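Number of protein chains: 2
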Amino acid sequence: MRTTLKNDLFLRALKGESVPRPPVWMMRQAGRYLPEFMEIREKYDFFTRCRTPELASEITIQPIRRYGMDAAILFSDILVVPQAMNIEVQMKPGFGPYLPNPIRKGEDLEKVIVPDVDTSLGYVMQAISMTKEKLQDEIPLIGFAGAPWTLLCYCVEGQGSKTFDKAKGFCFSQPEAAHALLQKITDTTIAYLKAKVAAGVNAVQLFDSWGGLLSRQDYLEFSWPYQQQIITALKDLAPVIVFAKGCWFALEDMADSGASALGVDWTCSPENARKWTGEKITLQGNFDPARLLSPPEEIKKRVTEMIRAFGKDRYIANLGHGILPNIPLDHAKAFIDAVKEYKE
Amino acid sequence: MRTTLKNDLFLRALKGESVPRPPVWMMRQAGRYLPEFMEIREKYDFFTRCRTPELASEITIQPIRRYGMDAAILFSDILVVPQAMNIEVQMKPGFGPYLPNPIRKGEDLEKVIVPDVDTSLGYVMQAISMTKEKLQDEIPLIGFAGAPWTLLCYCVEGQGSKTFDKAKGFCFSQPEAAHALLQKITDTTIAYLKAKVAAGVNAVQLFDSWGGLLSRQDYLEFSWPYQQQIITALKDLAPVIVFAKGCWFALEDMADSGASALGVDWTCSPENARKWTGEKITLQGNFDPARLLSPPEEIKKRVTEMIRAFGKDRYIANLGHGILPNIPLDHAKAFIDAVKEYKE
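Those protein sequences? They're chains A and B, same order as listed. Heads up, the first sequence is in this note's numbering, so the first residue is 1104 and it goes up one at a time. Heads up, the second sequence is in this note's numbering, so the first residue is 1104 and it goes up one at a time.
Simulated from the structure, these hints should not be mistaken for lab results. Keep in mind it's a predicted model, so treat the numbers as computed, not measured. Hints may be right or wrong, so weigh each one.
[Stated by the list, open to error] Pulled from the structure, derived: some chain A residues nowhere near chain B, Cβ distances all over 10 Å: (1) Y1170; (2) A1294; (3) Q1332; (4) D1359.
[Unchecked claim] Derived EDC-like pairs (lysine to aspartate or glutamate); straight-line CA-CA distance at most 16 Å: (5) K1297(B) with D1221(B); (6) K1404(A) with D1433(A); (7) K1265(B) with D1268(A); (8) K1287(A) with E1213(A); (9) K1265(A) with D1268(B); (10) K1109(A) with E1241(A).
[Stated by the list, open to error] Cβ-Cβ distance ranges computed for the label pairs, FRET-style: (11) D1359(A) with N1110(B): 44 to 50 Å; (12) E1408(B) with D1356(A): 18 to 24 Å; (13) A1301(B) with P1328(A): 52 to 58 Å; (14) S1232(A) with E1279(B): 48 to 54 Å; (15) E1401(B) with P1203(A): 28 to 34 Å; (16) N1110(A) with I1216(B): 52 to 58 Å.
C-beta atoms are modelled at their ideal positions from N, C-alpha and C, and glycine is treated no differently.
Excised from the complex, chain A in its bound form:
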């Protein structure tokens, strides 16, 4: 670490050190459940928020001010990477991401570039510097990227989907083109995350939101090897967290990768996650975001049970996916407070 952080619980948990209580943050903690975020959202469109360092850094620290999590995560989007690779990405209000020229065959790859990230994604690095300044070494800052498979899903499907069948069909009928695209995304992502670390993030997280749509065999062909390349390239620069949603079936494969932590969702019990990862890696998760709609007292009870089940060490308390827009503020607070008040 270049800097001495006042609260380094998160980094200590990533190193596997013993801690008085687990660190806590929430995926999508800078998001629509926060009224202060909604104020900014009404004024600026999605990519303006991502591309304006003042806005991205302000949004990043909003939840920290309100709840005092143990880590901040830079506000951005996984789709800034394909955008920088010369694949047009629009964000349609009420619809989600829309890619008007999706990749559907080998020739479509010709226009896809591995960009110079300092130029095309320089705004992210500026947002990191600005956020680090605002955080004043209080807590660590996480940078993130989409896993190559998850980015391929959007690049091929052209929009969100329940099942990403077009993306899967592309991989299964044109595996060579799929692997070529995955490698280009991987090369870009490695450069991107290295630049983020150079700009000051203290850890990086890969989001494989759609890994769980694959069989283990297909995950080990189309997703995991590319994440492994990224981990290998990054792990000596910063701790790497891999959150592969729905990928309980590959936890055993992922435990020996050099990643510092693995994210787990709520369909995988703490007991199974510990068993399959051999107790040797830090785990992060796994509260069902919809369970934050339970009454606050019940949230606190369930959070305490979750920490007991994972154990307080080698553990980062988090949700099993992003927080939902309709979660009441005091319910989010109950989640954070329950971790902070945890006593063995």
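Dock chain B against chain A, hints included.
Relative to chain A, chain B alone:
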């Protein structure tokens, strides 16, 4: 069995008897990938197809004529049950199911009835009689229903969803109302499936399409007990298959239920499924429907590997979810043929 079927491979596999090769059928085998189905679909809207016994029975046997599966499944929809319970269900082309008056609080339950199924769903029983006649005892006929949890998802959310957060929020914030709704759906479903058996189906399948959105703990509270009630009420009348998509985490709980078979999706390996069910129950699945986009030769190779991994006995070859609309006809044929040609 009341009748002697010419091909009883499917029923023998459900009983756990040794068979020369596994039986095969495909979820959603009467569907949009078939040009003969598309012809009917262009002329009649969704609920007309469900409610007209001539159409439903014709659609049911279309795939049998073309491919000769070992079981037919009656063309219908899981949402005919809430419809009969006085919950309005529309099918919007290009959008999917739409329920204009979703259940959102306890009072909304007052209008929900447990109907006389012979009256309100009599058209299904007529479709069964007509289909049985057309099948001429060649192969068995499966009847199906949605699991109560999956039906609650639609009744509360009011439409399809990736995550059914409104439905989950309803359960987590108003558990009493949720359980009351689940019980009404369960009572209706038991009567419905009993009537189907009386009308002539040889087996029934429960589809818990959205069980995998729950943690094991929540699945055991909001989904499984209601399926168990249905199994207990039906199992002495006909074999019951439970397909709970994404519910690998509860296979062990479900293996001792009295169900004759459990469906498995492609994220759960045959080896894990066998291990967790203690080798004591018939398993059904689990080919990734998107893998039918691979070249036919590769499909055949992978199907053979799948059968070897499950073992030919106590096994029903199937997809791990419904067949996709864009599967070429010869790819579907490769899947069916590979099972029929299987030799140890």
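Hint-by-hint comparison with the structure:
Non-interface status of Y1170(A) relative to chain B is upheld: no Cβ of that chain comes within 10 Å, the nearest being about 21 Å off. Even its closest Cβ contact with chain B, about 31 Å, leaves A1294(A) beyond 10 Å, as expected for a residue assigned away from the interface. Consistency note on Q1332(A): stated as away from chain B, and its beta-carbon is indeed over 10 Å from all of that chain's, at 23 Å minimum. Residue-level check passed: D1359(A) sits 19 Å from the nearest beta carbon of chain B, beyond 10 Å.
A threshold of 16 Å between alpha carbons decides the hint, and for K1297(B) with D1221(B) the separation of about 10 Å falls inside it, so the pair holds. Distance hint between K1404(A) and D1433(A) is fulfilled; the C-alpha atoms sit about 15 Å from each other, no more than 16 Å. Taking the CA atoms of K1265(B) and D1268(A), the gap is about 14 Å. The hint holds against a cut of 16 Å. This hinted pair checks out: K1287(A) and E1213(A) have alpha carbons roughly 11 Å apart, not beyond 16 Å.
Proposed proximity of K1265(A) and D1268(B) is supported: the alpha carbons are some 14 Å apart, at most 16 Å. The suggested pairing of K1109(A) with E1241(A) holds, with an alpha-carbon distance near 5 Å, which does not exceed 16 Å. Taking 44 to 50 Å as the suggested C-beta distance range, the pair D1359(A) and N1110(B) conforms, at roughly 48 Å. Taking the beta carbon of each, E1408(B) and D1356(A) are about 19 Å apart, inside 18 to 24 Å as hinted.
Remark: the range hint 52 to 58 Å for A1301(B) to P1328(A) is upheld by a beta-carbon distance near 54 Å. The supplied range of 48 to 54 Å is met by S1232(A) and E1279(B), whose beta-carbon atoms lie about 52 Å from each other. For E1401(B) and P1203(A), the hinted distance range of 28 to 34 Å is satisfied, since their beta carbons lie about 32 Å from each other. A hinted range of 52 to 58 Å holds for the C-beta pair N1110(A) and I1216(B), which are about 57 Å apart.
In summary, the structure agrees with every hint in the numbered list given earlier.
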